[in-house]
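Protein sequences appear in the order of chains A and B.
So in full-length UniProt numbering, the last one in the first sequence is 481, and the numbering has no gaps at all.
So in full-length UniProt numbering, the last one in the second sequence is 481, and the numbering has no gaps at all.
Hints in this document: simulated from the structure, not taken from any laboratory.
Do not take every clue at face value.
[Unchecked claim] List time: in silico SDA-like cross-link candidates among lysine to any residue, alpha-carbon distance up to 25 Å:
#1 A:Lys26 - B:Lys26
#2 A:Lys33 - B:Pro139
#3 A:Lys61 - B:Lys26
#4 B:Lys61 - A:Lys61
#5 B:Lys26 - A:Lys33
#6 B:Lys40 - B:Val25
#7 B:Lys104 - B:Val84
[As the list claims (entries may be wrong)] If the Cβ cut is set under 8 Å, some of the chain A residues that face chain B in the computed set are:
#8 Ile5
#9 Ser71
#10 Glu74
#11 Val84
#12 Val86
#13 Leu176
#14 Gln293
#15 Met304
#16 Gly306
#17 Asp386
#18 Met388
#19 Val391
#20 Asn450
#21 Thr451
#22 Val466
[What the hints assert, rightly or not] To list a few chain B residues with every Cβ distance to chain A over 12 Å, as calculated:
#23 Thr4
#24 Gln10
#25 Phe44
#26 Asp83
#27 Asp219
#28 Glu246
#29 Leu279
#30 Gln343
#31 Asn383
Predicted model only: the values in this text are computed from it and were never measured.
Don't be surprised by glycine CBs; every beta carbon is placed ideally from N, CA and C.
There are 2 protein chains.
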Amino acid sequence: MGLTIDNINQNVVAAKYAVRGELAVKSEEYRAKLSKGDAKDLPFDQVISANIGNPQQLDQKPITFIRQVLSLLENPLLLEKEDVLVQSLGYQTDVIERARKLLKAAGSVGAYSASTGVPAIKESIAEFLERRDGFPADPSKIYLSAGASSGVNTLLNVICAGPKTGILVPIPQYPLYTATLAVLNATCVPYLLDEHRHWGTNLETIRKSYDEAKANGTDVRAIVIINPGNPTGASLPEEDVRAVLEFANKENLVVMADEVYQTNVFLGEFHSFKRMLRLLQQEHPDGSYDSLQLASLHSVSKGMVGECGHRGGYFELCGFDPEVEAQIYKFVSIMLCAPVIGQCLVELMVNPPRKGDPSYELYEKEYNGIYNGLRQRAAALHNAFDEMEGVECDEPQGSMYLFPTINLPAKAAEAAKAEGRTADEFYCMRLLEATGICVVPGSGFGQKENTLHFRTTFLAPGTEWVGSIVKFHKEFMDKYR
Amino acid sequence: MGLTIDNINQNVVAAKYAVRGELAVKSEEYRAKLSKGDAKDLPFDQVISANIGNPQQLDQKPITFIRQVLSLLENPLLLEKEDVLVQSLGYQTDVIERARKLLKAAGSVGAYSASTGVPAIKESIAEFLERRDGFPADPSKIYLSAGASSGVNTLLNVICAGPKTGILVPIPQYPLYTATLAVLNATCVPYLLDEHRHWGTNLETIRKSYDEAKANGTDVRAIVIINPGNPTGASLPEEDVRAVLEFANKENLVVMADEVYQTNVFLGEFHSFKRMLRLLQQEHPDGSYDSLQLASLHSVSKGMVGECGHRGGYFELCGFDPEVEAQIYKFVSIMLCAPVIGQCLVELMVNPPRKGDPSYELYEKEYNGIYNGLRQRAAALHNAFDEMEGVECDEPQGSMYLFPTINLPAKAAEAAKAEGRTADEFYCMRLLEATGICVVPGSGFGQKENTLHFRTTFLAPGTEWVGSIVKFHKEFMDKYR
């Protein structure tokens, strides 16, 4: 007998990944129908993919400086026509200089780089981290990756030694974590985020999950934090970051800080785990924080850069055992290297034009335009949710998402059950069918028992689609009241 | 206690990947020393990385047509200045048309694509397969991947259900296979290639390995074939391809055909597994070959394209159960999508300019120039090996490698043992130290007991480095005679 669902890797079968699940597939079918003009029966004329943080699929334009440099990296022969670039195509001299510098560092972007990335790019990332955190960073501890997802995959592959290994994962969470743990047959130790404290971390809850897991014989090795939050949109206050590190230090846990939304912050400011780790180390000259292990991840996919199709990212390790680092090196070597053009994009993200550089003005204008646009869209969507019956939603803090609670009538829950769906799945499916708007039900991320949510990006332009959600919601509530 | 080599994933610890192992690391240290001018003590003035098939790190120039299109995909604003592109930068009109077409298909290359790839690119690959094989291909069975390595990783993750799952792997092999099987804790069932038949497959040997594994309780699920061969450089004759498929059909094995070197063929021609599968299905109208499962992989990394830094590739499935395909879909979804610029590069590789297109002449000239250069270098290296004492090497057939047998004196074996190395590792380390040339010992790929080999690419330009190998070898033999 050949391969069947019953004899293949059951860990893969067990993995769940709702972000690109049934709803997403159905929305793509609608999109295909619409593009073929074969959609007379559909009550909408466009599909809005609010299920994935995919800025450039919607309205976000790439940043000119970045794409100009990339075009030169792809075709270095253009550098032989500097006058044409400058005079006829509007390329600034700093674009040309940067391209030359990156080409010198990487050789051809068509060549494999060293397994962990182009050395000069790792140095530039280290300089960025030093500017960001006020503490030096070591380029040799930086690993370029194909987006942050690939970095998470590497770290979990190395950390997870079998079903007894437990990883503390926030609930709700981005399902990359639970899916990867399922594939690795390791144990997810869920801890609930505190919806009543703006989806912050609650040390009591974390400790309770940790203690229960230990009591069940699980060897808890790491804690995952997503800050700013996905799907929650939370931006953690400094004291939450500190408390998590203190707890991790006490229990010898690796901290995996998923900080891909670090520039998508609308309230307060971003507090990096790396900076807080160094502060704690300063505060404890006895060395009691010196062996705390932190892996922090970043990506070109989000923020104002929004270049997810390029699959660029990196992670930085602090406090890891050199023998463990050697295994991480070997693991990434097997896949050879991260895409080199994506590596260059990381460099452009962490080292943008500065005041006085010829490209600065346009860069700043584009960057701020994207940032303000996201903030305005988040506010508009939030206002709409505020007016919807039974919907509760925190003020937008960060990332690209809102994650409202929806209180649905009992009749809706019954109708969902009859269809073999959870009530939030049922709601999101009806929303898609009625409006063409694709969001992800809270059950795809995990949620506290007896609560329902959905996650929507606020990337789509205009206000019309927000109006359709409001209208749909009212009709849905009326129908199932 | 935090993470240590003893408590992390022991499957990762067990994995071996020599291509970027100790020798490669040491060669990079030499390179760094040389670039800092700090190498008075080194007996060479450059490092030659003949350990990795990395064409553009050495002499191979990117193909102009490909890079021109990519530059426009990265900066679509250039398309607004078509006159400048054509008149001042020498871009042909087909370059511009192709860029527009790909942009229409992918949207922005900075956006995630569908999980399995941009639909229009999958259609173009299907058309290529039809032209290549003379049989139609189904775009929905094509999965874009980040290089072929990522495709292999996906397939093995889905197929391998635990330690009892066995995968037939050729020896010698590209260590991606054994390393991934180690990480997945599945069983590698090695079968020896036949050095005396130009490293072809030998059905008797395969059957013997298969029977032994079955007798030991291993559930053998798949057979890996690398054609043209890595590290062997073999190009399989049609009858070998047929025999493997007949065997796999009889035993219900998935055939994983790693065909990344399909254009690197110097003797005879490339015979694709897909075409032979369709021929066998035609020959057997009783349907006895209809459920044979084939996954064939290709990549932009090798061939005359040589764009490995872009991490582009794809695999095509034939005969897979739809439920299993759904799991493959989910697995690739977790990592979101292959790099979109790499996907576009796949399209450019499989659909190059044709006779009559404005870019055709230059494309053809560059393509043939690279092909002939590789063939000449292979021949020069082969001639050198022919004259070296105790070295035996087949005529170059395909891929980017020669894999000579080396017969070393007993004294060399003793000296190696004293250093805790195998004799081939010892030889390769001395070669690196003496000449700056980095090759990979045969033990990194597996080799028949009591034989020694090394793998070298023939990508490096010039003949000087070949001369250094000859000189080193003579001195080595004299020293240990």
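Inset, instruction - Go through the numbered hints given earlier and state which of them the structure violates, listing their numbers in rising order. - result: Of the numbered hints, 1, 3, 4, 5, 12, 15, 17, 18, 19, 20, 21, 22, 23, 24, 26, 27, 30 do not hold.
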